[in-house]
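So the protein lines, in turn, are chains A and X.
The working numbering applies: residue 1 is where the first sequence begins, and numbers increase by one.
The working numbering applies: residue 1 is where the second sequence begins, and numbers increase by one.
In short, the hints are calculated from the structure, not lab data.
Using N, Cα and C, we set each Cβ at its ideal position, and we do this for glycine too.
There may be inaccurate statements among the hints.
Chain X side only, calculated, beta carbon under 10 Å to chain A, not exhaustive [what the hints assert, rightly or not]: (1) Val168; (2) Thr178; (3) Leu190; (4) Asp196; (5) Leu397; (6) Phe402; (7) Tyr406; (8) Gly418; (9) Leu423; (10) Ala455.
Examples of chain A residues toward chain X, derived with CB under 7 Å [stated by the list, open to error]: (11) Ile14; (12) Leu49; (13) Leu135.
Simulated restraints on C-beta separations [to be verified]: (14) Leu368(X) to Leu26(A): 48 to 54 Å; (15) His191(X) to Ile103(A): 45 to 51 Å; (16) Ala76(A) to Ala199(X): 38 to 44 Å.
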Amino acid sequence: MTPRVINLIAGGAILGLSALFYAQTLGDRFADTPLSRNPMAFPRLLVLLMALGGAVVIAQALLTRRGALPGEAVPALNWPRAALITALAAAYFWVFEPFGFLIATGLFLPLAVVALGYRRLLVIVPVTLVVLVGLWYLFAQVFQIRPPGPGMDDLLRLMTGGR
Amino acid sequence: MDSLLLALSKLGDPATLALMLGGTAAGVLIGAMPGLGSVLAITLALPLTFVLAPEPSIALLLGLYAGSVYGGSLSAILLNTPGTPQAAATVFDGYPMMQRGEGDLALGWATVASVIGGLISVLVLIVAAPTLARFGLRFGPMEYFALGLFALTCVVSVSQENLAKGLVACLLGLLVATMGQDPLTGDVRLHFSSFDLMAGIALVPFLVGLFALSEVIWRVAERHAETVEIKGRTGFRFPPLRDMARRWRVFGKSAMIGTWIGTLPGIGATASSMVSYAEAKRSSPNAANFGKGEPDGVIASETANNAVTGGALVPTLSLGIPGDPITAVMLGALIIQGITPGPRLFVENADLMIFIFVALFVVNLALLVLGPLLGPVFARAVRAPEPVLLGVIVVLLGIGTFSVNYNAFDLKVMLAAGIGGFLLRYGGFPLAPVVIGFVLGPMIEQSLRQGMVIARGDFTVFLRQPIALTLFVASALFLAWSGWRFWKDWRQARQGRG
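Next comes chain A alone, as it looks inside the complex:
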């Protein structure tokens, strides 16, 4: 993508976001409230200024040579890899509570590492185990905040047959 296209999209996104937030401030609930006591007055002012900023970004893209100021460059990114880690992180956060910390992390960490191109199981497995045990112990025992789902104590109980 060229700097002009990026700036046009960015400006458009800011205008869209401004419109979205502005819509949230509408309504006549506070119509008669003085400005200092009106909870919508300050956000509305911010939204209007932000829309103005978005318009300036668009104008700049249209009026300058490359569509960007000197010094503004487009970074070369690997978008599929960015999408992959975002999707994996989203899935991890999604199942974090229902599956529990141990299961969610036990699935996510090796999967993410392999997906990002590292395949040495002799490293991945011990790192995963150390992270699982270390973090669970740190949070559950030291900070007294039990991570969600079954814990190490449950696993131990299961392994020792409930004793």
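With chain A held as given, fit chain X onto it using these hints.
Coordinates of chain X only, in the frame set by chain A:
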């Protein structure tokens, strides 16, 4: 004296000491990993501060702060890649020393310079912060509004090439901060009909997502070498005392430059080390050797960037105005602890202030011990496979953020902030104004509206307050200067069309 003894005894607590030293060591290692940096180091630890008492939390954060700023020099010298932007000027002479087979000595100079810069800045902090806080006691809502506006103007003006994008980023931060309950009337606003959003956007998931998660996504997306190789000696050697004494002028001048620049909102350690390097090059009798492995170059850069740590805490602690994203996150951590930085902090919580001074002093001294120990460890850590490192960071972000409120919604906020932060970076929008706008937003809105109530809706009353007026004029000048620069760049870009 009692406060000092109390601070020392609190710092002597084994858990606090361990957190401080562990934080410093972790900060050095994170700072040394190219691209990770100080903000990531502190945001990673932010969720942990929820479960800790104020003193251990502060000790941990200060350790991470000073450690990560210093850590940037390790990779600058050993890899020719600054671990943090603050260490960019260290590369100029640090790496040529490494190539010459004096990498161990370059690390020694960087360590001594960082410690001296840090210690001098703590002394300035001890003198300047209470003085500024006493002055701040005269501030009412109108002055605070003007001050908040001034801080944002500074941050926006110097944040990046494009003023419009800086302003939009700042407004975005302010706008996100208004979501949820209105601080004055308690009315719920901008909740998009979501029950979870009625409580607003919490500080930790937003900051952690914006900085740390977006950094992970960015690093995965960036194309760079998979493995890093260190060529040359990676030991550690302290410079001879005689040489150190001979260079006292460079140490002193760089420390003053770093501390002074640190107190100004928005400019930060990167600029301070560059300015200090340029000044050392201008005034040094060894000017011809700069860029070829001159220790004065390493000293100038490293003294100045570590001196920023104390300087940046002056406005943060005494006025509650953070000058950069790092101090903004630290301000957030203090607020989490129920401590509101500002002039009253020195009156109501003097013991805590003394603790902060002592802890920062000890943290800087600790670098003198940790530097020689961690240099060789870093040489191994830098070989850690990046996919493993990034995977572990995501896990840390997940459990840390979830544990703050035991709420899965915070994970969604973090993810959204992470994606948003990534897209903002790609679009060339600076992140610093977003976070400073978010942290200062409630204070700015509250003081504006309280001031309007006092002034019975007449905004001109704001302009009749001398301190507020001075700050408004300073903001306007700053903005006008940036606007002029922006206009000049724009014209240049347009002229290039023909």
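Holds or violated: the hint that Leu397(X) contacts chain A, with Cβ atoms closer than 10 Å. Hint holds; Leu397(X) Cβ to chain A Cβ min 8 Å, cut 10 Å.
Holds or violated: is there a CB of chain A closer than 10 Å to the CB of Val168(X)? Nearest chain A Cβ about 4 Å off; hint holds.
Evaluate the given range 48 to 54 Å for the C-beta pair formed by Leu368(X) and Leu26(A). Because 60 Å falls outside the window, the suggested range is violated.
Using the nearest Cβ pair, does Leu190(X) come within less than 10 Å of chain A? Given a least distance of 5 Å, the restraint on Leu190(X) holds.
Using the C-beta atoms of Ala76(A) and Ala199(X), is the stated range 38 to 44 Å upheld? Holds, since Ala76(A) and Ala199(X) (Cβ atoms, about 40 Å apart) stay within the stated range.
Minimum Cβ distance from Ile14(A) to chain X below 7 Å? Status holds, d = 6 Å.
Per-residue hint verdict: Gly418(X), partner chain A, C-beta under 10 Å: holds (7 Å)
For the hint on Ala455(X), just tell me whether its beta-carbon gets within less than 10 Å of chain A. holds (9 Å)
Leu49(A) as an interface hint toward chain X, with CB separation required under 7 Å: holds (5 Å)
Chain X contact restraint for Leu135(A) - C-beta distance below 7 Å: holds (6 Å)
Are Asp196(X) and chain A close enough, Cβ to Cβ, to be under 10 Å, as the hint says? Asp196(X) check fails; min Cβ-Cβ to chain A is 14 Å, beyond 10 Å.
Does the beta carbon distance between His191(X) and Ile103(A) stay inside 45 to 51 Å, or does it fall outside? violated (33 Å)
When the structure is compared with the earlier hints, violations turn up for hints 4, 14, 15 and for no others.
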